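Visitor: Using the sequences and the accompanying hints, generate a full structural model.
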Amino acid sequence: MNSPLPKKQTFTPESLKKQFRLSEFLAEKVISSIAFLSIAIIFLIFIFVFKESLPLFSFNDKAKANTEIQTTTGAEIETYGADTSAEESQPETYGAPAESLEPETYGTVTEDLNPDSTTDTEVVIDEKVTGNKEGADKTWSTFFSTEWVPVSDNPRFGLIALLIGTLKVTIIAMLIAGPLAILAAVYTSCFASNRRKEIIKPIIEMLAAFPSVVIGFFAMMVLATFFQDIFGYDSRLNAFIGGVAMALAAIPIIYTISEDALSSVPKTYTEASLALGASKAQTAFSVILPAATPGIFAALLLGVGRVFGETMIALMATGNAALLSANPFESVRTFAATIGSEMAETVFGETHYSVLFFIGSLLFIFSFILNAVAEFYVKGKLIKKFQGK
Amino acid sequence: MEKAISITENPFAKTNGKGKDIKEKAVVGITQIAVILIIAILVVILGIIIYQGREKFSWEFISSFPTDGMTKGGIFPALIGTFILVIVMSIAAVPFGTITAIYLTEYAKENSKIAAAVRFSIRTLAVVPSIIFGLFGLGFFIQFVGTGMDTAFNDGELHWGQPNILWASLTMALLTLPVIIVSVEESLKTIPRELREASLALGATKWQTIKNVVFPGSISGIMTGTILAVSRGAGEVAPILFTGAAYYLATLPESLSDQFMNLGYHVYIMSTQSSDVEKTMPIQFATTLVLLILTLSLNLVAVIIRSRIRRRAK
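Chains as they are written, first to last, in my numbering: chain A, 123 to 511; chain C, 3 to 316.
Calculated directly from the structure, the hints in this document are not laboratory data. Being a predicted model, the structure only gives us computed values, none of them experimental. Please note that a few of the clues may not be correct.
Per the computed footprint, the stretches of chain A lying under chain C, defined by three or more beta-carbons under 8 Å from a beta-carbon of chain C, are [to be verified]:
1. 141-150
2. 170-176
3. 342-349
4. 395-406
5. 424-437
Yeah, the Cβ is synthetic: ideal placement off N, Cα and C, and Gly gets one too.
Guide: Structure representation (structure tokens):
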């Protein structure tokens, strides 16, 4: 550096090689290992949600969870006692969900089938004593029954009832949200002028910013009364109300992804179609929509995933009674709502607790598969389609 | 492809007549109705909540404690609880999310299997139902980490092994992580390649380039991500149902190991478990209104910043 003229430098393959710098090396390693944590989180979520449901799989290992239960018995009874009295004082008011969930489930179903369970409080006490004494074998055999009576002399964890409830709500929600969101997406990407597009898109996407508890609250307070006046059904909160509310939550997801899919159809498709003399509507429905089918399929899948796992809306607007019927105006109970409403009342290690975690693992696996299908199958198809292979 | 060329099979050939105009208009009209319907629903929800919530909505309502068994008074502790929740959540999620986004845009090689796996896990995180995060928080943070900490430091005395703000915030951080990663990644992608290349050509190392060129350019993306995450975290209830939210507390939380009240949870319990739902209706609507104002205004700010980033990209 001292001499005015730099020395003539010679470059050899060795001198041009990247030098090893510790700080560089560390930075890269730290950053990538932090990024890999997100993979670890997925595994951790599965492991820990599944781990808590493991007692269900330890057949013949009965004594394990029993000790825990007896210690906290007192507190639990109080909870149920309070809930029951609250229900009896004001049935069918706005307070329906959380309060009516116990009464309707345990009340109706238990009383019909269990002659000895005349009062709910007694049932709880009995359950504490007999608790977890039936082994895992017994619990499993009840999974495929249609009754969800987790707290009783003879607890039955009929997942079928919950599955049907969840499916009912999901179907209703998708029947409403699917067509609405896709038609709106078609309008935005194919017909709307650029100026309108810039107004419509943020507004509909704003619906995604609504917390689900707000949608649930709205459904429970306003929609329920509104639709009851129209259809005149008995139970104010039911699968239909839940479905409508969940449709509101699913619309922005389906809309955004289908709109993306529609907009990513190459412009040449549109131009070719218009040049052939097709009208705008014909182009949209016969050319662009079919070309974007995989993307729209993905949108619907993710919409289903959202509705399937939605907790707060299900808790607040579906009535939370595990009734088995095809009538959309009956109360239902979904998987997610069951976890949400009962987890706080169970005791660590109890069968009921494990069953709820087991439901959680099912939900997790289901949403994982939905996402994987949407990601790999659909994307592969889209790419193939647009590259003309 | 061959079908489209043949004129006789052209699906449009049949409709070339007078009926076309009406049909065309009807089809466009139906899609338009769908848009109008969605926007109308949105306006109705907003309108009803604002209309019903306005009478109770006041500074006093926001700044006072609930009284008389939560049938009167305000929502101050719920608001503070929500603030603490989103702050702790941001402290945990923002660095983590930013670093992951930097890895994905700067270090990950194209077509690398590991980067694809990271991306896939992030998308999965985004679609996992929020209640599962609640279960995870209970199973991992409370039962595993918390109880482990108690046995290690407190001689088994119950201190961390129960629901509290820290566990609720960390659970919420996991939930909002994808939001931050996506925003930061998007803004990193708008930084021109030439800037990075210029920096490297001047002799800066990769880490120096990231630290001094890429990172400063991504600040607005980090902000958008944080704001969106806060908006999401303030509104979610399912993950905190069993990781720390409390029905009613007479005092504000003093440490991270305290339980807390939360706006969304407050709406939920007031509308489903309150002793007199009918009487507390105005409070419920006003609380919902506060929650909605909080989340929507945050979202609006994020949308504005994001549109600026996008304009810069063009």
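Visitor: Evaluate each hint against the coordinates.
Guide: How the hints compare with the structure:
{"no.": "1", "hint": "141-150", "verdict": "holds (count 5)"}
{"no.": "2", "hint": "170-176", "verdict": "holds (count 4)"}
{"no.": "3", "hint": "342-349", "verdict": "holds (count 3)"}
{"no.": "4", "hint": "395-406", "verdict": "holds (count 8)"}
{"no.": "5", "hint": "424-437", "verdict": "holds (count 9)"}
Taken one by one, the earlier hints all hold for this structure without exception.
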